[in-house]
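Chains as they are written, first to last, in our numbering: chain A, 1 to 162; chain B, 1001 to 1200; chain C, 2001 to 2153.
Treat the hints as calculated values from the structure; they're not laboratory data. Owing to the predicted nature of the structure, the values given are computational and were not obtained by experimental measurement. Check before you lean on any hint, since a few could be wrong.
[What the hints assert, rightly or not] Derived lysine to aspartate or glutamate pairs resembling EDC-like cross-links, with alpha carbons at most 20 Å apart:
| no. | chain 1 | residue 1 | chain 2 | residue 2 |
| --- | --- | --- | --- | --- |
| 1 | B | 1068 | B | 1028 |
| 2 | C | 2070 | C | 2045 |
| 3 | A | 69 | C | 2138 |
| 4 | C | 2068 | A | 56 |
| 5 | C | 2115 | C | 2137 |
| 6 | B | 1139 | A | 54 |
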Amino acid sequence: MISHEIELKLQACLDGELSSDETRAIEELLARDAGARSLFEELRATRTLLAGGELEVKLPETGEFYWSKIRRQIELEDRRSPSINAPEPVSAWWVRFVTPAGALAALALFVVVALKHSEPPEPILALDDSHEIETPLEETSSFSFRSEAAAMTVVWVDSHRE
Amino acid sequence: MSRKLDYPSAEDQALVKAAQKGDMQAYEELVARHRDKIYARAFSMMRNEEEAIDLSQEAWVKAWQRLKQFQGEASFVTWMTRIVINLCLDQLRKQKRLRAESIEQMDEELGGVERQMPIITPNPTERLERNELRQRIDKALGQLSYEHRTVLILHEFEDLEYKEIARRMACSIGTVMSRLFYARRKMAVLLAGLKREELR
Amino acid sequence: MKRLVPFWQLALAATAVLIFYSCVLRSAPADLMLQAQLVWGTNNDKPDDPKLKDVDQKVKDKLRGVFKWKNYFEVNRQDFTLTASAPRKVKMSDLCEIEVQNLGNSSVELKLYGKGKMVVRKTQRIKSGELLVLAGDDKNDTAWFVVLSLVEK
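Model the full assembly from the supplied sequences, consistent with the hints where possible.
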């Protein structure tokens, strides 16, 4: 019967973790010892079975929900302490041009709206968390997301339990 | 002239570069592409859906924070996998799941258990449907202790060397070798449809 | 011979009447017929309370499509009409109550109260076939959902 130390060396040989000297010694053992050969074959067969044998598992919730929680946490962390990956504004260079153009557009819009005084103002319900959702309790927070596929708007309420 | 990135068809490298500059949409595309794989790795280690979701999300958040450190030395998904593995290992250590596995661990330390198992000669003519085999492997993995399962996953599925596994699991190379040996022998028994009890 | 009213004056008068009525109609929000359901999501095959039944298939399919739980049981359902006059309180369970207000233009403000305290407030436009859902974790890896929708005629 081979020792446990040799059993582990057989395994290490299979995994390519031995030096060339040690590998040679194990090969010699395999040539003369049937018990060692059987064990080596069992280990090799198991390794072969496991190779590419991992079950494919899919995320059990929608991508939108999953991403919304990640995004929220990133934003929370960024507010707490700007990360070393603090994003540089992608579009900084064109803001200089957009700002005056935007001001002109806003002025034009104001004029048009003022002229349309016979029409009642339409309530603005843009999806803006700042006024659309309120979570007053300290021990809770919430975030909102929308699933177009399910035609559903969700507000998820997190209670912070220790 | 700025080039707008076509996110769905952009390569990971391009998305990473854009995300490193703060492009959240590029990062969202990376998450969409690799979320299943990262979740799957967390699930295989934790064997709990809720924990796997939480830890995989934490991994994505951490990756965003460290994105500038990613220099492309490995593929993005490999780098992400390492992050989630480390988080899972931290969590497993925190949970201190040793009590339920102490008997197995004692056996392992005594070097006794796997030596009682007869050599399993796999039937070369038995061909299992690939998916059926994967199901059986997954079921068998669920029957291992977390330490044995972890070392098997890191070696067989993540192709890490003994030294690297030892570093990540904060144990000696000898312990890695013993655990891997035990895990493989137990898997051989489980996959052959035999239970340990039947062998005593 | 009678002088005919010039066409442009008739058109102006008609436009003025139309604008007047559209203003009047807009200023009075239409009543909304709503349904609120309290739903419990779980991976258990049977609910803890044997009296609970599966939520209707349409809602179940939508919730399943977004959330990870396998089964969804209806704890309570309330149908009510929401006029523009005042917010309406609807008791969903011993611990949970909602208050809904009609803001006009198919918009509602939904407040959720737990143990008497307001937990969350949400403003949302609500269209036929759509759901507004407030949700959160419950113990033992289950979840609660308050589902608000327009009653289909």
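Hints numbered earlier in the text: which of these fail when held up against the supplied structure?
none
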